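Build out the structure end to end from the sequences listed, making use of the hints.
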Amino acid sequence: MHIMEGYLPLSHAVGWTAVAAPFVAAGAREVSRQLRGRPERRLLLGVAGAFAFVLSALKLPTVAGSSSHPTGLGLGVIMFGPGAMTLLGTIVLLFQALLLAHGGITTLGANAFAMAVVGPWAGWGVYRLCRGAGAGPAAATFLAAAVADLATYVTTSAQLALAFPDPAGGFAGALVKFLGIFSFTQLPLALGEGLLTMLVVSQLVAQGWARWPTLAMAEERQSP
Amino acid sequence: MSARTRWVGWLAAGLLAAMLGLSLAGGGGGQAGTDTQAQELIRRIDPEYEPWARPAWAPPTPGAERLLFLAQAAAGLAAAGYCLRLLGARAPGRSEVNRRAPD
Chain A
1 MHIMEGYLPL SHAVGWTAVA APFVAAGARE VSRQLRGRPE RRLLLGVAGA FAFVLSALKL
61 PTVAGSSSHP TGLGLGVIMF GPGAMTLLGT IVLLFQALLL AHGGITTLGA NAFAMAVVGP
121 WAGWGVYRLC RGAGAGPAAA TFLAAAVADL ATYVTTSAQL ALAFPDPAGG FAGALVKFLG
181 IFSFTQLPLA LGEGLLTMLV VSQLVAQGWA RWPTLAMAEE RQSP
Chain B
1001 MSARTRWVGW LAAGLLAAML GLSLAGGGGG QAGTDTQAQE LIRRIDPEYE PWARPAWAPP
1061 TPGAERLLFL AQAAAGLAAA GYCLRLLGAR APGRSEVNRR APD
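Same order as they appear, the protein sequences are chains A and B.
Once you know that position 107 of the first sequence is 107 in our numbering, the rest is easy, because the numbers rise by one and skip nothing.
Once you know that position 66 of the second sequence is 1066 in our numbering, the rest is easy, because the numbers rise by one and skip nothing.
Keep in mind the hints are simulated off the structure, nothing from the lab.
Computed from a prediction, not measured in an experiment: that's the story for all the values here.
Among the hints, erroneous ones may be present.
Listed next, the in silico EDC-like pairs over lysine to aspartate or glutamate satisfying Cα-Cα at most 20 Å (straight line) [stated by the list, open to error]: (1) A/LYS177 / B/GLU1040; (2) A/LYS177 / B/GLU1048; (3) A/LYS177 / B/ASP1046; (4) A/LYS177 / A/ASP166.
Rendered as structure tokens:
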């Protein structure tokens, strides 16, 4: 889902950076708030960050014969809420832009908005929705992680369609084309990521190192 | 540890190992990444568009890029292992579950 360096017009690059920056700042405050007085959570946050680091490094084959990445943010979204993962996701993207030439500094704002803002918030919304509807925490985690992954790629498609509308079909025409590259092919990967996230969180809970977030905890983690 | 917990743990480890294996075997090989395909689509939609910035540094070969991604995954696995080991070594009375109020 990385938009490569220089592949967004300057006005779009600046605009997406301006949109993403407040979320990243709020994410930093959220991490600090959650760790204040609860230093034992640092290790769990480390696990969540490491999980994102590992999964986002995997280039997996897609059904269309291309290759793509999971995002790995679902685990942290469940354990810490979307705000904290905005910060961690942006750190992962910055690392990949600087050391792997994957993504870019000029496109960091757009990529962060897709992967570290929309993905985690979409996943968190799905988790709350599922729990509110009576679904079990494991099923809700599976869906949340899968949707967080998929929402990232849909957002990237929309960002590119906005910057490069199709000469014939306009924004909608370009969106369908970018979705064809990024989103439909991503579905099996998203489901795989959902399954792995569900199993890992289940294991953390079974070991007594974490607990499934209740709706009340969800409210608490979402508050500024 | 219950049999179910052990089973879930092995399943998670197996799935992660399968993903790592797929990534090693083919994901970074001959297949074009979706990012590259998107760049090609941009060039088709707007042939005159020229990227106005380039990465300050890029891996010299696809093999080197693959190696760097593997290094990232290995660093993540090492960090996760370290944190999980410390969590496991922690006294039960200090675990998150016991420090929080029940539901």
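Right, here's what the structure says about each hint:
no.	hint	in the structure
1	A/LYS177 / B/GLU1040	holds, 11 Å
2	A/LYS177 / B/GLU1048	holds, 19 Å
3	A/LYS177 / B/ASP1046	holds, 14 Å
4	A/LYS177 / A/ASP166	holds, 9 Å
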